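Student: Letter by letter, the chains look like this.
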Amino acid sequence: MIKITLNGEAYSIEEGTTFAALLEGLNISTVGVAVERNREIVPKSTHDIALLEDGDIVEVVRMTGGG
Amino acid sequence: MDFTEEQIERYSRHIILPEVGGKGQEKLLNAKVFVLGAGGLGSPALMYLAAAGIGTLGIADGDHVDLSNLQRQIIHNNERIGMHKALSAKKTINELNPDVNVITYEERLTADNIREVLRDYDIILDGSDNFPTRFLMNDACFFEGKPLVSGSMFRFEGQVAVFDPTNGEPCYRCLYPEPPPKGLVPSCQEAGVLGALAGVIGVLQAVEAIKIVLGKGKPLTGSLLIFDALDMSFRKVKVGKDPVCALCSDTATIKELITYEAEVCEI
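Here the protein sequences come in this chain order: Y and B.
Each residue of the first sequence is one higher than the one before, starting from 1 at the first, in this note's numbering.
Each residue of the second sequence is one higher than the one before, starting from 1 at the first, in this note's numbering.
Hints were generated in silico from the structure; no laboratory data involved.
Note that this is a predicted model, so its numbers are computed, not measured.
Worth double-checking, as some hints may not be accurate.
Pairs of lysine to aspartate or glutamate, EDC-like flavour, derived with a Cα cap of 16 Å [as the list claims (entries may be wrong)]: (1) B/Lys182 x B/Glu261; (2) B/Lys32 x B/Asp120; (3) B/Lys236 x Y/Glu36; (4) B/Lys238 x Y/Glu59; (5) B/Lys236 x Y/Glu40; (6) B/Lys236 x Y/Glu59; (7) B/Lys241 x Y/Glu36; (8) B/Lys238 x Y/Glu15.
Stretches of chain B that chain Y covers, calculated by requiring three or more beta carbons in the stretch to come under 8 Å of a beta carbon on chain Y [to be verified]: (9) 40-46; (10) 129-135; (11) 156-169; (12) 232-244.
Cβ atoms here follow ideal geometry from the backbone N, Cα and C, with glycine treated the same way.
Extracted from the complex, chain Y is given alone in its bound form (with noise of 0.2 Å):
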């Protein structure tokens, strides 16, 4: 098991989870949602394959649409 922060609370998680995985196993809507780790973005087209690491810092980023 591997520790990361998600939005600011803290997880265990499986050592090779992908960040496909981790938000679909807390039903977390990739619908309008970016994910940032460490304060860079993940791109959308790389959450099937990049692998969280132990002591990854994960928030989701809301689009937000108004002006």
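Chain Y is fixed; fit chain B onto it per the hints.
Tutor: This is chain B only, laid out in the frame that chain Y set:
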């Protein structure tokens, strides 16, 4: 360019800055900036761009001033209710700074006319109120090779970024590949927005546009700035180019403008 006595006085606090000076002020007076939406974000952005002496300001908005706008759209006022927003904005700007040439577009921009409009400007500000327009603007700026200063907000949160894919930087689609399906994101009219938040985000857009004109500092290219008004915190996040971005990568599939189903979200 020879400044008039009045201009030397008006812009004295700019001219005295080593980063601006007479040359920088001349750049501002020669700059052409386009602002989509004379709403929550467009209002403060336009007023500071006008005060800074941006020589040409284009304003597009298809709406009319409504009483419910005045909680945040400070370029308008009570007497302008019912007036075209673009014309109301022009009136305020003319009263603020006669140096500014204001060009108004009193209709919604579409895939048919947007590229032609943007072509005349150096820098584009997005203060639109819905996702289909945001993607249309992003794609049109990419095809026309214009830097896009994007601002958006929802409730107590705002986001600012500069997209400049023509210069090797990411575009809006590198961050958000597609608009959310209609109905999935809560209606902004129901959700509400803190009025003063519009000032924070719109003014940040104006600052970025002015920096780009001057060629000074480091604009938010390749970065997303997220502001949380409740927590009073800013977070700056790196945005890289998506290697398979449908618009701006080598494997791009979008070759022309797309019209997404409009869902007006009147913030």
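Student: Next step is simple, just say for each hint if it's right about the structure.
Tutor: Hint-by-hint comparison with the structure:
{"no.": "1", "hint": "B/Lys182 x B/Glu261", "result": "7 Å, holds"}
{"no.": "2", "hint": "B/Lys32 x B/Asp120", "result": "8 Å, holds"}
{"no.": "3", "hint": "B/Lys236 x Y/Glu36", "result": "11 Å, holds"}
{"no.": "4", "hint": "B/Lys238 x Y/Glu59", "result": "13 Å, holds"}
{"no.": "5", "hint": "B/Lys236 x Y/Glu40", "result": "9 Å, holds"}
{"no.": "6", "hint": "B/Lys236 x Y/Glu59", "result": "12 Å, holds"}
{"no.": "7", "hint": "B/Lys241 x Y/Glu36", "result": "14 Å, holds"}
{"no.": "8", "hint": "B/Lys238 x Y/Glu15", "result": "25 Å, violated"}
{"no.": "9", "hint": "40-46", "result": "holds (count 3)"}
{"no.": "10", "hint": "129-135", "result": "holds (count 4)"}
{"no.": "11", "hint": "156-169", "result": "holds (count 3)"}
{"no.": "12", "hint": "232-244", "result": "holds (count 9)"}
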